[in-house]
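Peer 1: Sequence:
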Amino acid sequence: MSPHASSTRRFGFAAGHRYWVEAWTPAENGRVFGRLTVPHGHNYTLDVTVRGPIDPQTGMVIDLAELKRIVAETVVERFDHADLNADPLFRGRVPTTENVAVAVWELLAPKLGADRLARVRVWEDPTLYVDVRGEPPGGEPSGEMARK
264 MSPHASSTRR FGFAAGHRYW VEAWTPAENG RVFGRLTVPH GHNYTLDVTV RGPIDPQTGM
324 VIDLAELKRI VAETVVERFD HADLNADPLF RGRVPTTENV AVAVWELLAP KLGADRLARV
384 RVWEDPTLYV DVRGEPPGGE PSGEMARK
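Here the sequence shown is numbered in my numbering, starting from 264 and rising by one per residue.
A couple of the hints might just be wrong.
[Stated by the list, open to error] Below, in silico cross-link-like pairs of lysine to any residue (SDA-like), each with a Cα-Cα straight-line distance of 25 Å or less: (1) Lys374 / Asp343; (2) Lys331 / Trp386; (3) Lys374 / Thr308; (4) Lys374 / Glu336; (5) Lys374 / Arg384; (6) Lys374 / Thr360; (7) Lys331 / Glu387; (8) Lys374 / Pro266; (9) Lys331 / Tyr392; (10) Lys331 / Arg382; (11) Lys331 / Val393; (12) Lys331 / Asp346; (13) Lys331 / Gln320; (14) Lys331 / Phe353; (15) Lys374 / Arg272; (16) Lys374 / Thr312; (17) Lys331 / Lys374; (18) Lys331 / His344; (19) Lys374 / Asp318; (20) Lys331 / Thr271; (21) Lys331 / Trp368; (22) Lys374 / Ser270; (23) Lys374 / Asn362; (24) Lys374 / Asn348; (25) Lys374 / Thr271; (26) Lys374 / Met323; (27) Lys374 / Phe353; (28) Lys374 / Val393; (29) Lys374 / His344; (30) Lys331 / Pro316; (31) Lys331 / Gly304; (32) Lys374 / Arg354; (33) Lys331 / Asp388; (34) Lys331 / Arg384.
Calculated from the structure, these hints are not laboratory results.
With these hints in hand, go ahead and build the complete structure from the sequences.
Peer 2: Below is the structure:
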């Protein structure tokens, strides 16, 4: 049995959003979200952690160049300099940091395999981050990375 490890790679993207629930009145939105109802943006930091056995030949849990490519194509290119409220992933969802992290998870799990994707951490600023974690399911690895 090979030793298992986790590996984390950091990415960044800048995106705009506002907190707003369409079914609510402007007064309700203002009461709940305050100044966050005004469009604003963040320079987000994204940490993606994958887990798995250390390959005895390469000494790696994952090919970091491949991880970089997948995250860049799947998340960064989609969200960088975007209005998150306009993205279909946020239809019916307020683009809070929590929901941004969930959306990133939903985008990456099919590509990396939910069994390999250990954590998505989204930093809104240096004082606030949200973690979304997945527990490894039993059975065979899934996702594009598992098939390579």
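Peer 1: Next pair to validate is Lys374 with Asn362; report whether the Cα-Cα distance is within 25 Å.
Peer 2: OK: Lys374 and Asn362 at ~19 Å, within 25 Å.
Peer 1: Holds or violated: Lys331 with Tyr392, Cα cutoff 25 Å?
Peer 2: holds (21 Å)
Peer 1: Lys374 and Asn348: Cα distance at most 25 Å?
Peer 2: This hinted pair holds, its Cα atoms lying about 24 Å apart.
Peer 1: Given the proposed pairing of Lys374 with Thr271, does the C-alpha separation stay at or below 25 Å?
Peer 2: holds (16 Å)
Peer 1: Are Lys374 and Thr308 close enough, with their CA atoms no more than 25 Å apart?
Peer 2: Between Lys374 and Thr308 the Cα gap is close to 20 Å, so the pair holds against 25 Å.
Peer 1: Can you confirm whether the C-alpha distance between Lys331 and Lys374 stays at or below 25 Å?
Peer 2: holds (12 Å)
Peer 1: Going straight from one Cα to the other, do Lys374 and Met323 come out at no more than 25 Å?
Peer 2: Satisfied, since the Cα-Cα distance of roughly 18 Å is no more than 25 Å.
Peer 1: Starting from Lys374, check that the Cα of Glu336 is at most 25 Å away, please.
Peer 2: Holds, at about 11 Å.
Peer 1: For the pair supplied as a hint, Lys374 and Asp343, is the alpha-carbon distance within the 25 Å limit?
Peer 2: Holds: Lys374 and Asp343 sit about 19 Å apart, inside 25 Å.
Peer 1: Does the structure keep Lys374 and Arg384 at a Cα separation of 25 Å or less?
Peer 2: Holds, at about 17 Å.
Peer 1: Need the status of pair Lys374, Thr360: alpha-carbon distance at most 25 Å?
Peer 2: Holds: Lys374 and Thr360 sit about 22 Å apart, inside 25 Å.
Peer 1: For Lys331 and Pro316, compute the direct alpha-carbon distance and say whether it is at most 25 Å.
Peer 2: holds (19 Å)
In summary, this structure violates none of the numbered hints.
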